[in-house]
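Sequences listed follow chains A and B, in order. Going by the numbering used here, the first residue of the first sequence is number 1, and it counts up by one from there. Going by the numbering used here, the first residue of the second sequence is number 1, and it counts up by one from there.
Since the hints were derived computationally from the structure, they do not count as laboratory data. All clues given are correct.
Some chain B residues close to chain A (C-beta under 10 Å, calculated; not the full set): (1) 12; (2) 73; (3) 74; (4) 78; (5) 81; (6) 82; (7) 86; (8) 87; (9) 89; (10) 98; (11) 99; (12) 146.
Where a beta carbon is used, it is the ideal one built from N, C-alpha and C, also for glycine.
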Amino acid sequence: MSNNLIIKNTARGLNSNKILYLVSALLFGFLCIYFFKNSEILVETADAAAVTVPTVTDFWFYIFHGIVSNNSIDMYKIPIVWLFICVFVLIAVLNYPTKDLYSSGIQTLIRSNKRSLWWFSKCIWNIAAVTLLYAAGVAGACIAALFFGGFSFDVTNIVLAQAIGTGMSLTELNLTVFLMPLMTLVALAMLQMTLSFILKPIFSFIIVFLYMFLSTFFCSPVLIGNCAMLLNNFELTGMGFGTLSGIAANTVVILISAAVGLIYFSNADILKRG
Amino acid sequence: MIISVENLSKSIRGTTVLDNISMKFESGKIYGLAGKNGSGKTMLMRALCGLIRPTSGKIIIDGKVLGKDFSFPPSIGVLIENPAFISKYTGFKNLKMIASIKNKATDEDIKQVLQNVGLDPEDKRVYRKYSLGMKQRLGIACALMEKPDIILLDEPINAIDEDGVGIIKDLLKKYSANSIIIVSCHDKEELEYLSDEIFVLASGMLKEHKTVEKEEI
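Next comes chain A alone, as it looks inside the complex (with noise of 0.2 Å):
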């Protein structure tokens, strides 16, 4: 039965807003669009014939690129796409689980025998509903190069002037362009959904957003937003800290807000939300 409810409950969740997935694909390659009209995009090459048009991979370079963190503060900017994208992905996934057990969620609690079943399925659910949305996001970014001609996964030097993951394969670096971000969404979603229990969902937004702020001014990896901030990342551009102490501190989050979330879950008492 426990697979059962994990499947059927993540299953209920993911379909309960389907349209946030259209909302996010089309976000994204909006700000595709945006980012393209707004750039000096046809960058001449060394063979005066071609032109560099924008690829995925730039795409999502500009909409995660982020901020310096340990700039001076009259060198500091806020990064607006960046932390609009991350505010749109913490928003699509606030309610949910809390509107959900204060509702028709409760008979399907009941009927999980183990608090921590339920708990489970609702983890579940969160990365998957993340997962979901970025992909959406990335579907729309591939949409918009395939507009512009610049399909590939190739890397230009439309976005940053020097060039990015030197030293690093294509595989490699995408898969740090890509995978980073949508880790960290993943570590605040999961934070996010755990302080929602213990305080209002509202509130839990409120706090997720404003350490992901901090990110913008301080590099840590304590600070696990800079780690969907593609500029912090030291193996793309010698700034900030490595990979893997993004994923530690990612994995961390993730487990130390499942853990925190199964231990008061399972005592909590579940009353009539007032």
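Assemble chain B onto chain A, guided by the hints.
Chain B in isolation, oriented as in the chain A frame:
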């Protein structure tokens, strides 16, 4: 099946909502919970189904301690306060989705229980279009559909019309043969008609326990 509530107390934010309650429930009987608003009826039901943890005391179901040996009773159907379902699903689809967790109730069982509570299983209206009475009937159907060993119904006849009340009362009598049914209700007459035994609560304490004398027909 036997449920023993032993010296159950519960405090929430410094307020005692259940105070040293002891009671016993056995299969084959309908138990009524009576008391004014705030007397602790709903809180006791929440404790019985595992949604709240006792501050002290325990609930033992067939020798196993609720909250220790299992988080929730293994076979239970619940309607607590207002029923809540997915608004864009029909009644049948809502029950089917919930039933899929345990896979105990078949489509036929669900259709049958919907009919039993006076709802049309083929009704294409989604839940948000239901009247209050229909929502309440669906909540009861949900609690009954898996023929559980324990059935907890908090104010089940709220918002239900006179005919519906008759249907629900007959249905509960039918289900009581194999289950423990615990019902809370403000209407003293209805509760006495339904119940074999009544527990009266006041300020979180058990004030009275009486057996209802049934007139032979």
